[in-house]
Amino acid sequence: MMLDETLVSDVLTLARAGGADFAELFMEDTVNTTLRLHQGELKDAGGGNLFGAGLRLLYGTRVVYAYTNDVTASGLRDLASAVASARGGAGEVERGGAGGLDFRKVKVTPHYRARQHPLTAAKREKLALMRRASGAAQVGDVKTVDVNYLDRVQRVLIANSEGLWAEDERVQSRLSVSAIAQDGTLRQSGFYGPGASQGLEFFETVTPESIGTEAARIANAMLRADYAPAGKLPVVIGNEFGGVIFHEACGHILETTAVEKNASVFADKFGQRIAQDCVSAVDDGTLPGSWGMVNVDDEGMPAQRTVLIEKGILKSFLVDRVGEMKTGYARTGSGRRQNYTFAPASRMRSTFIDNGDQTPDDLIRSVSHGIYARKMGGGSVSPGTGDYNFAVNEAYMIRNGEIAEPLRGASLVGNGAQDLLNIVGVAGDLSLGQGMCGSISGSLPTDVGQPHILVSEITVGGRA
Amino acid sequence: MTATVTEQLSIDQARSYLLKRAKARGVQLEVYALRNTSTNIRAFAGEVSEFKLQARQGVGLRALRDSAWGYSFTENLAQNALDRALDMAVENAELVAPESGAGLVAWAEPPALDLYGEGLSGVKVEQKVQVALDLERTAREADPRVTSVPYGAYMDSDSETLVGNTEGLSRGFKSLQAFHFVAPLVSENGQNKMQRDWQFTREFTELDPTRTALKAVEKAVALLGARPAPSGQFPAVFSGGCLADLLDLFSPMFSGKMVEEGKSPLAGRLGEAVASELVTLVDDATLPRGMNSRAFDVEGCPSVPVTLIEAGRLTAFLHNAQTAARAGTQSTGHAARMGYQGVVGVGPSNLLMLAGKTPDAEVRAGVRGVLVTGVSGGHAGANPVTGDFSLQAEGFWLEDGGVAHPLEVFTVAGNILEVLAGIEAVSDTVEWTPDAVGAPAVRVAHLAIGGN
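The listed protein sequences correspond, in order, to chains A and B.
Just so you know, we're using UniProt numbering here: the first sequence kicks off at 1 and counts up by one.
Just so you know, we're using UniProt numbering here: the second sequence kicks off at 1 and counts up by one.
These are calculated hints, taken from the structure and not from any lab test.
It is possible that some hints are incorrect.
DEER-style ranges, computed between Cβ atoms [unchecked claim]:
id, chain 1, residue 1, chain 2, residue 2, range
1, A, Glu125, B, Ala112, 47 to 53 Å
2, A, Leu119, B, Glu94, 15 to 21 Å
3, A, Gly328, B, Lys124, 34 to 40 Å
4, A, Met436, B, Glu424, 36 to 42 Å
Positions of the beta carbon are idealized from the N, C-alpha and C atoms, including for glycine.
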């Protein structure tokens, strides 16, 4: 137990003294480790203790949020008074009965339990993993290798004035390799960084060697690449991290934080066709040990699997507490926040386009002149307009149905709602990739994913 | 984890306690401490939709053992938590490889900068709320084509930074910021456009939400009626804000740390011409109105202006104590870190390309090509290791130097060093971004555009 029940009850009552309809306390005690290996030497070792509490009040759908690092009894009471007076004078809370809150403990069932917990593993073990990855990346023309290791154990308590009481521990581990290949003045970088809501046992299935090898493969493959062409072309997008395109271009505008403001082009499309038959998409917080796994969300609701698009028809949005109040769509366990300094908002978990019935070869063979975007970099989207952009880290020309020469410097731009309709082929090789998603409630671990897909045309931003 | 949390120290007490414990253990230690209180108010549809009060503090530790640095941080300022953080920093130092040039310095006195002004103590919450409401309402009512104002906020921040080390250094400064921004969404004939405008100040009374709102709407409406961009190479004008965004993305090229790690295309080119003679680039942490102004860096090294490119010639890189020692030079006062978390690296403060002599309108005179007013996607589409970029862009088509029509989303691609070398004209007006980078508008002969 992170805090005394009586204290939490007092703080929630005090916070509502200004007339708030709802109060919620979120406390966290997070320990992380960060290590960076450069050219085989440990250059940076850090990490520490994130420690604080946030109080959220709702007046109707209006949010007042405050946080502090002073989690002593007096610190929390001061915070509650400050947050109550910030929107004071709206009336008195109905004080039905004299007692405090009778908390209803939510039984949090972990979808996965870490076997080699990061807090019990020695730093030398973590370092050994990094050295294996670094060694594997030193191949071909690779001259520079950086390996980053991260683990994070976040313990949280979520309690609210409806009597909810939920505690959870979130464990995450990630290893990423950045390799730079160089030949004279030519220089290209390759990146690969898988992670999981698991302990160090994750690196038994995804070995450090495989991570290093993949980063080096991309850097070497792209080293002597030509510049990509510019213009509208058909594009085959690779599986795994290729799913970032759906995440940015469609996922963000299915979050109620965008929908409730009418800043989403999908706001009035519920139940309607927004994609071809071949497209089904899911946001799932329940995949055991996945990077985007959520035992309970940061509002204390158990996570769920949410079908967003079924055979082209829009079936659900991603909904948090305030989103439900504003839009009327039922909560989906999608209320997430980076840490106690953020109020929760509707956010993605593991978001992917589901398997179709074609093969990657079928898709590539159907293109006479286009681009194969095998590995995507990051991207972003303007939620108001749906205009998005992505960098492509590994790309090739497709000529007459065959993969041809490598291309560098390609980016893809377009409009999410329009391009979703242009997905005309979906293969059956679904795989997930890991990233950090930045938005209104901070930076969160999320999985993106898809099988290989064919988009009939996208604007490619090259310079040839 | 326990049900009772013990009493917390202040950041000043925590700094003293840690330095005392470190000395007793024979550990060389640097303590970087931050305390920040801030208010953040969002308005939507005529009401305050979000109100946030923030109070955050913590200490970052850097221990030096046998020329190796070990880091840790903690937001729990109870004595036992501080002891744990010190243990962790020492443990990390014992694991890390030794570094040449590693050392703690009791730097000379920093300049006296007033970054605090009158403070915000006399400003009532109601006044702050009014700024957020005015922004949203003015933007919403400015034009019938405004369909909503999804993003708009008032923010202020009152912060204190302390640095101390076991060599006897102990200093701090306070700074104050008030800021607002608004992003209206406009719609016409099925086209949606969103643009943002903002204002930063150290005096609350200088904030002008009406002007900000009207300017944001004007910028968004100007993009309606967009037509597809052509693909190919065209003459181009970058607005000052757009060039500043590009310089921001590529500022790691000037980092002494990136240079020594072989990750800067400018490595080994000190003294060479790397840009057009029209380009002079400085970094100045002492600007009275700069958003990233500070009296000293995260190591406590005093701030001074640094010229990076002078009339096209590369004259300096940015350094912290260690990268400077290894490059055989002095720290430029550009040690940087992500608050008390993260490690000490190198980063710019207020990065500024100086204005030229050409009046703004003449920069685009005679151009048949593109006016690029914004780029996005830089975290993935710009590569500071090579200088290459391929980015989403917005802007206008120019005919004979005049705006013919706005353009639908297009791409720009190229290499920043080629852009800087190809600059033919530099405007006499500097535009700043919210990331504290300033630049004038410039014209280049060729830029690769991807459209239809």
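Q. Range hint 15 to 21 Å: satisfied by the CB atoms of A/Leu119 and B/Glu94?
A. Taking Cβ atoms as reference, A/Leu119 and B/Glu94 lie about 19 Å apart, which means the hint holds.
Q | Supplied distance hint 36 to 42 Å, evaluated on CB atoms of A/Met436 and B/Glu424 | A | Distance hint for A/Met436, B/Glu424 holds at roughly 40 Å.
Q) For the pair A/Glu125 and B/Ala112, does the Cβ-Cβ distance stay inside 47 to 53 Å? A) Because 50 Å falls inside the window, the suggested range holds.
Q.
Given a hint of 34 to 40 Å, does the C-beta separation of A/Gly328 and B/Lys124 actually sit inside it?
A. 36 Å, holds
Violated hints for the displayed structure: none, as all numbered hints are satisfied.
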